[in-house]
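Peer 1: Using the UniProt record's numbering, read the sequence shown as starting at 1 and increasing by one per residue.
It is possible that part of the hints are untrue.
What the hints assert, rightly or not - Lysine to any residue pairs mimicking SDA-like chemistry, simulated, CA-CA at most 20 Å apart:
hint	residue 1	residue 2
1	109	69
2	109	127
3	135	161
4	87	100
5	109	42
6	64	2
7	109	96
8	87	16
What the hints assert, rightly or not - Label-pair ranges, simulated between beta-carbon atoms:
hint	residue 1	residue 2	range
9	155	83	32 to 38 Å
10	6	92	37 to 43 Å
11	2	79	39 to 45 Å
12	21	71	31 to 37 Å
13	86	134	23 to 29 Å
14	3	79	33 to 39 Å
15	75	20	36 to 42 Å
16	79	158	36 to 42 Å
17	21	64	17 to 23 Å
18	89	162	43 to 49 Å
19	160	21	16 to 22 Å
It should be emphasised that the hints constitute simulated quantities derived from the structure, not laboratory data. Even glycine gets a Cβ: it sits at the ideal position worked out from N, Cα and C.
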Amino acid sequence: MNLFLDRVRLAMEEYFGSDVRRIAHAHAVTGYAAELLAYIDADEVLTIAAAYLHDIGIPEAERKFGSCNGALQEQEGPPVARALLEKLAAPADFTEQVCALVGAHHTPKGVDSPEFRILWDADALVNLAEVVPGKTAEEIEAILHRALVTEAGYRRARAIFL
């Protein structure tokens, strides 16, 4: 990993503070994103930065609205991500690309890019662990087909859950 991404990771961890659940989720999503990058041609730095920051709007959504549903995360995440990235002196165009991903990560047809598809599947791989327990293989297969948008993500999910 490069120094800039280490700084993004540290900024995310500092922002979430003692919220180890959110930090662990961001690390898990980033881990899957890194795995998927081996199979999908995408901008590594953009993908990993977005993975670290994808849920960064949760604390602000909870503070303002008492909720952190997907739409509120998409609304509140980009301003927080932008502030963190500006503090790290990230280029403006890079910052806007990350903010676009953060601001669409709960919208299935969010941003038409390989970075978005990787982020979508990496987040799904983490979240599926809460969905599939107790399901039959056929039910899991159907869930995987609905939840994942890349072949690499689907194959990884099958390896994990089936």
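Peer 1: Work down the list of hints and note, for each, if the structure agrees.
Peer 2: Evaluation of the provided hints:
no., hint, result
1, 109 to 69, "holds, 17 Å"
2, 109 to 127, "holds, 18 Å"
3, 135 to 161, "holds, 10 Å"
4, 87 to 100, "holds, 18 Å"
5, 109 to 42, "holds, 17 Å"
6, 64 to 2, "violated, 34 Å"
7, 109 to 96, "holds, 18 Å"
8, 87 to 16, "holds, 16 Å"
9, 155 to 83: 32 to 38 Å, "holds, 37 Å"
10, 6 to 92: 37 to 43 Å, "violated, 21 Å"
11, 2 to 79: 39 to 45 Å, "violated, 25 Å"
12, 21 to 71: 31 to 37 Å, "violated, 21 Å"
13, 86 to 134: 23 to 29 Å, "violated, 45 Å"
14, 3 to 79: 33 to 39 Å, "violated, 25 Å"
15, 75 to 20: 36 to 42 Å, "violated, 25 Å"
16, 79 to 158: 36 to 42 Å, "holds, 37 Å"
17, 21 to 64: 17 to 23 Å, "holds, 20 Å"
18, 89 to 162: 43 to 49 Å, "holds, 44 Å"
19, 160 to 21: 16 to 22 Å, "holds, 20 Å"
In this structure, the hints that do not hold are numbers 6, 10, 11, 12, 13, 14 and 15, in rising order.
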